Amino acid sequence: MPAIEREGYNPRTCLLYGSRGQALSIFMEEPYFNSKPVGFIDDFSNEAVHQATGLPIRPYAAWKHDPAPILLSMGDPRAKRAVAEKVDRDGLPWARFLPPRMMMPVAAISCGDGTYVSHFANAGHNVTIGRHVSCMALVSLGHDVTIGDHVTICPGVTISGYVVIEDDCFIGAGAAITNGTPDRPIVIGEGSVIGTGAVVLKSVPRASRMIGNPAIPIREMARQRLAMSRA
Amino acid sequence: MPAIEREGYNPRTCLLYGSRGQALSIFMEEPYFNSKPVGFIDDFSNEAVHQATGLPIRPYAAWKHDPAPILLSMGDPRAKRAVAEKVDRDGLPWARFLPPRMMMPVAAISCGDGTYVSHFANAGHNVTIGRHVSCMALVSLGHDVTIGDHVTICPGVTISGYVVIEDDCFIGAGAAITNGTPDRPIVIGEGSVIGTGAVVLKSVPRASRMIGNPAIPIREMARQRLAMSRA
Amino acid sequence: MPAIEREGYNPRTCLLYGSRGQALSIFMEEPYFNSKPVGFIDDFSNEAVHQATGLPIRPYAAWKHDPAPILLSMGDPRAKRAVAEKVDRDGLPWARFLPPRMMMPVAAISCGDGTYVSHFANAGHNVTIGRHVSCMALVSLGHDVTIGDHVTICPGVTISGYVVIEDDCFIGAGAAITNGTPDRPIVIGEGSVIGTGAVVLKSVPRASRMIGNPAIPIREMARQRLAMSRA
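Residue numbers (my numbering), protein chains in the order written: chain B, 7 to 237; chain S, 7 to 237; chain V, 7 to 237.
Hints in this document: simulated from the structure, not taken from any laboratory.
The structure displayed is predicted, hence computed values, not measured ones.
Any given hint could be a false lead.
[Stated by the list, open to error] Computed footprint of chain V on chain B, listed as stretches where at least three residues anywhere in the stretch have a Cβ under 8 Å from a Cβ of chain V:
1. 80–94
2. 141–149
[What the hints assert, rightly or not] So the derived list for chain S, only partly shown, Cβ under 7 Å to chain V, looks like this:
3. Gly162
4. Val199
5. Thr202
[Unchecked claim] Quick list of simulated restraints, FRET-style, between CB atoms:
6. S/Gly118 <-> V/Ala85: 43 to 53 Å
7. B/Arg84 <-> V/Ala68: 45 to 55 Å
8. B/Asp94 <-> V/Glu91: 13 to 23 Å
9. B/Ala85 <-> S/Arg231: 32 to 42 Å
10. S/Gly118 <-> B/Ala85: 35 to 45 Å
11. B/Lys42 <-> S/Glu226: 16 to 26 Å
Built from N, CA and C at the ideal position, the CB exists for glycine as well.
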């Protein structure tokens with residue numbers, strides 16, 4: 007402290023698992039992370055992506071025997087969990103990425119295997135991030151934040167202090183999560199989906215699907231909207 | 007790819023059309039874009055701005071015969087459209103601006119004449135921006151985003167993947183637009199106004215005026231608020 | 007102009023008043039501000055923080071006779087006011103911080119004693135900030151913005167043009183405040199609390215507590231939520 011731990015991050019080359027929007031965004035950040043993607047892993051070929059990037063797109067089996075460190079480049083937490091288990095069984099290496107120090111001035115941050123923090127990210131003291139977490143651009147993580155495995159945090163999300171995000175959550179673009187306290191952190195229960203721009207003001211149980219401000223369950227929002235349209 | 011195309015961006019000098027808030031913000035970014043404003047175009051003189059900047063403020067006719075590349079520095083899409091047509095008739099040159107590569111690590115972005123992307127902007131793969139678009143600070147554009155002409159995107163806006171913003175839209179500060187799909191992008195219809203902090207969860211027709219989260223038409227919001235205040 | 011005034015900012019050493027989340031975040035930004043914290047002022051000892059930072063944590067009386075410039079590192083505006091009055095009575099020096107110019111390309115910004123602007127901050131023309139203001143990461147301040155004393159602006163806040171934030175306000179993470187006009191700025195009255203993610207679309211009187219989008223008083227929100235849950 008306050009040096010940012012960079013050992014074990016930003017490998018010289020990497021393989022991106024997936025070949026759609028998120029994979030292409032990471033591909034373009036090559037000069038930022040100083041890590042060279044050598045190909046995409048995808049069971050479906052994609053001529054447009056091949057043309058745009060010049061990189062090969064091959065199914066997993068084709069890379070398996072000569073892999074570069076792998077980054078899961080997909081948004082869906084369940085897809086990340088399934089693929090991570092497969093790659094772990096094969097014992098292949100994982101990549102993980104942190105911004106250059108100049109671009110992430112704060113944060114002695116701790117990240118698990120296969121985790122990726124994009125640019126213009128902010129993080130306070132005591133942030134712990136699990137495995138295969140995608141933390142996209144312009145995200146702010148407060149102090150004393152714990153993030154589980156396979157979580158996807160979309161661009162522009164603001165997470166305050168004393169927050170726990172359990173495994174397999176998806177936090178939509180521009181969402182905000184208020185702060186807890188040391189004794190009672192705000193907890194986003196396992197497998198929850200926080201919708202685009204939702205503002206979460208209290209803990210939510212596992213498998214919640216929240217939208218609105220203040221955020222409420224999507225089903226309750228639909229009920230209220232219907233009632234309001236008749237009011 | 008992944009080099010960011012800088013040819014044709016950030017001219018050595020420029021003229022700012024307008025002399026209010028947005029023009030002055032762009033003026034201050036001179037060292038960032040490495041482009042020197044040489045004056046403001048405005049039919050009304052403004053001694054305070056002249057004093058603050060040291061630059062001349064002159065009506066369009068006075069610059070017309072010796073112009074530097076011009077940037078429209080106003081927020082109102084209709085004003086931009088009207089001025090752009092006038093300047094185009096006179097065949098004067100346009101400026102366009104992109105952040106230095108270090109500050110915009112992602113994005114092989116394509117911008118039309120007179121378009122401006124401010125600092126701390128993020129953009130994914132396959133972003134196409136039209137003419138005379140103002141994309142202000144701390145904006146995130148997802149992948150597969152198309153933005154029409156004369157659009158103004160205020161600071162802190164988050165636009166997700168597979169989104170189309172048609173001509174002449176105004177997207178207010180801190181607004182968020184959710185993601186569409188390749189087959190059904192989210193479309194913000196021509197001439198729409200998305201209010202400050204509005205969270206758009208579905209396509210909106212042309213000339214919509216949306217506020218709230220989830221965003222609804224401003225007139226419907228007024229009706230619901232009235233009903234609620236009596237509930 | 008457009009040089010950013012750096013004289014009197016970012017002292018070589020500093021003392022952080024407080025030793026919790028905000029103080030630790032500022033501590034980690036040492037290389038960013040090029041200012042070396044030499045200790046924390048706190049009446050309560052904190053072994054974990056001492057271990058994490060290597061710095062002494064001592065009560066105010068113990069630092070009083072040999073202080074470095076002091077930064078108030080706490081979020082609560084009333085706490086900042088009380089401590090600032092005490093330190094002013096003793097005539098001790100204040101620190102204030104602005105990002106390096108490369109990281110804050112815009113803004114000829116004016117800040118009072120003890121004020122701190124964190125990284126990835128954006129500010130337009132004619133921004134005036136009072137004393138002991140904390141302006142955290144990823145904050146956008148529009149043009150013609152005036153901020154009073156002891157204000158705390160949390161990460162990800164977007165403040166538009168022609169806005170006045172009076173003394174002792176707390177603006178929660180991810181909140182947005184819409185723009186006023188030169189004649190009628192949006193005014194956030196003294197001592198108000200704007201909740202996490204709240205979207206303020208009109209002026210609010212002093213001591214308001216606002217949440218939601220559009221923001222309404224927290225008590226009114228509770229009443230409406232109850233009515234809706236029964237609808």
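The hints, checked one at a time:
With 0 residues having a beta carbon nearer than 8 Å to a beta carbon of chain V, the stretch 80–94 of chain B misses the requirement of three or more and the stated coverage is violated. Judged by the Cβ-Cβ criterion of 8 Å, the stretch 141–149 of chain B is covered by chain V as claimed, because 4 of its residues qualify and three suffice. Restraint check, S/Gly162 versus chain V: the minimum CB separation of about 4 Å is within 7 Å; hint holds. Using the Cβ-Cβ criterion of 7 Å, the hint placing S/Val199 at the interface with chain V is not satisfied: the shortest such distance is roughly 12 Å.
For S/Thr202, the interface hint holds, the least distance from its beta-carbon to any beta-carbon of chain V being 4 Å, beneath 7 Å. Distance hint for S/Gly118 and V/Ala85: a CB-CB separation of about 50 Å, consistent with the stated range 43 to 53 Å. Distance hint check for B/Arg84 and V/Ala68: the Cβ-Cβ separation is about 54 Å, which falls inside the suggested range of 45 to 55 Å. Between B/Asp94 and V/Glu91 the beta carbon distance is about 58 Å. The supplied range of 13 to 23 Å is therefore violated.
In this structure the supplied range 32 to 42 Å holds for B/Ala85 paired with S/Arg231, their Cβ-Cβ distance being about 41 Å. Between S/Gly118 and B/Ala85 the CB atoms are about 36 Å apart, so this pair conforms to the stated range of 35 to 45 Å. Restraint check, B/Lys42 to S/Glu226: a C-beta distance of roughly 51 Å breaks the suggested window 16 to 26 Å.
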